[in-house]
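Participant: Respectively, the protein sequence lines represent chains A and B.
Residues in the first sequence are numbered consecutively from 48, following our numbering.
Residues in the second sequence are numbered consecutively from 153, following our numbering.
Calculated directly from the structure, the hints in this document are not laboratory data.
If a hint is listed, it holds; no wrong ones were tucked in.
What the simulated footprint calls covered on chain B by chain A, stretch by stretch (three residues with Cβ under 8 Å from a Cβ of chain A suffice, anywhere in the stretch; the number is not a length):
1) 225–238
2) 253–259
Just a sample of chain B residues kept apart from chain A, beta carbon distances all over 10 Å, derived:
3) M153
4) L213
5) F263
6) E370
Ideal placement from N, C-alpha and C gives every residue a C-beta, glycine not left out.
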Amino acid sequence: MQTFFQTLTTGLSDGSIYGSLALALVLIYKATEVINFAQGEMAMFTTYIAWALMGHGSTFEWWAFFATLGIAFVGGAALQQTVIRPLERASVLTAVMATIALLVILNGLAAWIWSPQLQFFPSPFPTSSWVIGGVHISKQDAGTFGVVMACVLILWLFFRFTKLGLAMRAGALNPGAARLMGVRASWLLALGWGFAAALGAVSGMMVAPTVFLTPNMMQAVLIYAFAAAILGGLESPVGAIAGGLSLGVLLNMLGEYVHPVTTELRLPVALGILLVVLLVKPAGLFGRVVVRRV
Amino acid sequence: MPALLELSDVTARYGQVVALHGVSLTVEDGEIVALLGANGAGKTTTLRSVSGTVRRSGDVLLGGKRLARATPEVVARHGVAHVPEGRGIFAELTVWENLRMGGYIVRRPDFATVLGYFPWLQERRNQQAGTLSGGEQQMLALARAFLSRPRLLMLDEPSLGLAPLITREVFRVVTELNQKEGLAVLVVEQNAAVALAAAQRGYVLETGRIAVAGSAAELKSNDAVRTAYLGY
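This is chain B alone, in the form it adopts within the complex (with noise of 0.2 Å):
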């Protein structure tokens, strides 16, 4: 059983500027993984080499299947949702065609399931996604992804300019996804210490290298994490 999502020796650029230096990791279905590291470790260019926004060498496997030289519609359609760093909202837009972009690969989106997690959208549906706080348009960018019947939803920095008590509710709907749902994560985080609350597993990246992998409990007391990430 090939793992859900492979990354092995993966190498990306930004015309001359070497981004990452060949990553390898794993998600396996079900998971929620973390993935770590300072600004401009490469772990935005993590996330782009599997949804093809990025130029990659390396494979990139889903389920088995290759996704390295996919297009990101491809990918997209292959299952794989990826809210981008600013989250990617149509801020023109109203929430509910928004959602209704979320839903346009697949023949006839569940509405109501999202809803169920996401009631509040209900009554906002008519109200431009722009003008929505920073928390709720981190979760229309949530349901939209789930929208699309993703097998892996990655987040890129879901916490940025959120405040502490939104970011742990954002999560706590990330945590209740994958439970109920079996949705498995990889999320970029500058918060370790929220996402290995979460995650079952963790990278942390320097330089564009894996520097180290391990359990969340592993990482949270492996020392080097804790003094560069956790701040304690």
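Isolated chain A, as found in the complex (with noise of 0.2 Å):
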């Protein structure tokens, strides 16, 4: 039982990085229709920035983790202005493929600023545990839930009760009419790329402590949130969050309790679970089935 509540929590901790990941992608989609594949590479980018701001990592300070936002935000903001907004016109395939382009570049470039090498990247949460019950829970493991779901609980404060986040969630239904009632719908966009970067940066920050810092760190992150936004449904939060969760914990009860399932199979499984929703239930969890007329 014990085991069982030590990988619940660890599960829920690795399902949180997926999952606040895979809300940046479903953020981005909701919007425009489109899948950034950037989304990894940017979130990998702005932690090395935060790296810097911490001196080379030598210790964790809570002020580079919000500066770190800060920059990530303007960056996503100013990504979409710059490589995407001249891309509008264009099928959403190009948009996809100019993604592409800024994953490469954006890891070329990491690589070239900061070199290759695996650096060391500082937790802000001690390495000790609680113990209730006899069951060990890692202030890491609780810290990065507390700090994902933090930022997720904001972001969706600001969706539902502001009017910056009402015309978003209108545009996204709707651009044309939110058009007309006056919604500047692009620099909407902006601000939906910025909130992702920063979701991102996020994400890239909680799961330095444990992968090190590399400018290939977020590929894998980036396919289990992939998984988590397609078990979720593409189109729902709530569900990349709930998918997210739900593959982090599975992940790591597959790999307690099913003893084939080595960390070598993690990755592969987690594309296995992506084939099998597309197969079975495309919309995902909490999608809706689309319908449209040809």
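Each chain sits in its own coordinate frame; assemble them with the hints.
Facilitator: In structure tokens:
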């Protein structure tokens, strides 16, 4: 039973990281139908910025954490305005290709600026754990989960209760009608990219202490995030978080209880889930089936 | 004193297809003007050339100000509320969220006045707008448009898909908003009889050109208009 709860908390912690990156994907997909393949590399790049701000990772600094969120926000919005916005009238596929180009560029740029070597990234949480009823709950896991969920909650409050958040939701549902109400759609899309980039930065900074900082560190996480987003239904923000958490728990449980599933098999299993969902229930757990008239 | 809305020699096209061939019309303050015509005559495109949702050339003036290059959001901020074909309701948002979107460009949206005209919206405020009936959605679209405190309201086929009784109710509210609030209205309608009953003036479009213009009474007695659009 103790093992079960420990696996569960680790799973939730991993899952919150997948979920936040999945949510970033969903935010952009919902607004523009573009799947942002650069989401992971944007997160990696901003994590390097945080690492640089923290004196090359000597100690974790919360001010640097928040400064990085700000930089990520501005950077994400700027990318939308400079790279994606000019492609507004092109097909969605063109924009997707542009995000793949961004992926490669950011990856190369990070390796060039900071070298491709493994770097140590400090964790904001101590390595000790709480013992509750014989169950060891690592402070890192709890802290990661808490930070990610707090960010998600803030984002939810923004979308639910502010006028700007409402306009962003309306713009995602029906951009044409929103513009007729005076909504500056293009700026809101930039804002959406900003939020997605900031959310990605959170996942990057939270995952870096365990996987170490390298230009490739987010590539596996991005695959998990894809699987999580598909599992939840690409259009559903709640689904992205739920999908991330269930994926995290599932992968850790499989690793713990099903012995053939070793660390090497985690990624294939995640991709397997992605495929099965696409085949069996393409709309995901929380998505709606979209019927298009042709 | 310039007209509230003035189109002169407006041409609009979708790709290679020209939908408007030099349309000129005016709407004065406090007027209801009907825009009639068959399917494909360019009624919707005329409204779209005002709100900037179609590429157009020629002059579009609002209170003497040029709108010809303005984007939809800028036109809206100049005081034109366009209820488009299909009403443009945000189906997945609640009734209240739809209304808040109507007041998006206004610092303090006057919900009280609007609820005076549409009291039932109050009880339905938390309902998903997509679950309203067609007539209710049309009313919501009207209420939402009015919340932006427009100088000009443009309605595209408000009667589409509505029962005759509901259509009459929609036009009753439009007339009331016009008379009590001095709201100018440019309405596109297939149902010429209903539109001409509410309007003071009207235009008939045929294949992208103004074919007939005149007061509502003149149009009602015009033989060509009568046989083509009123059916008697």
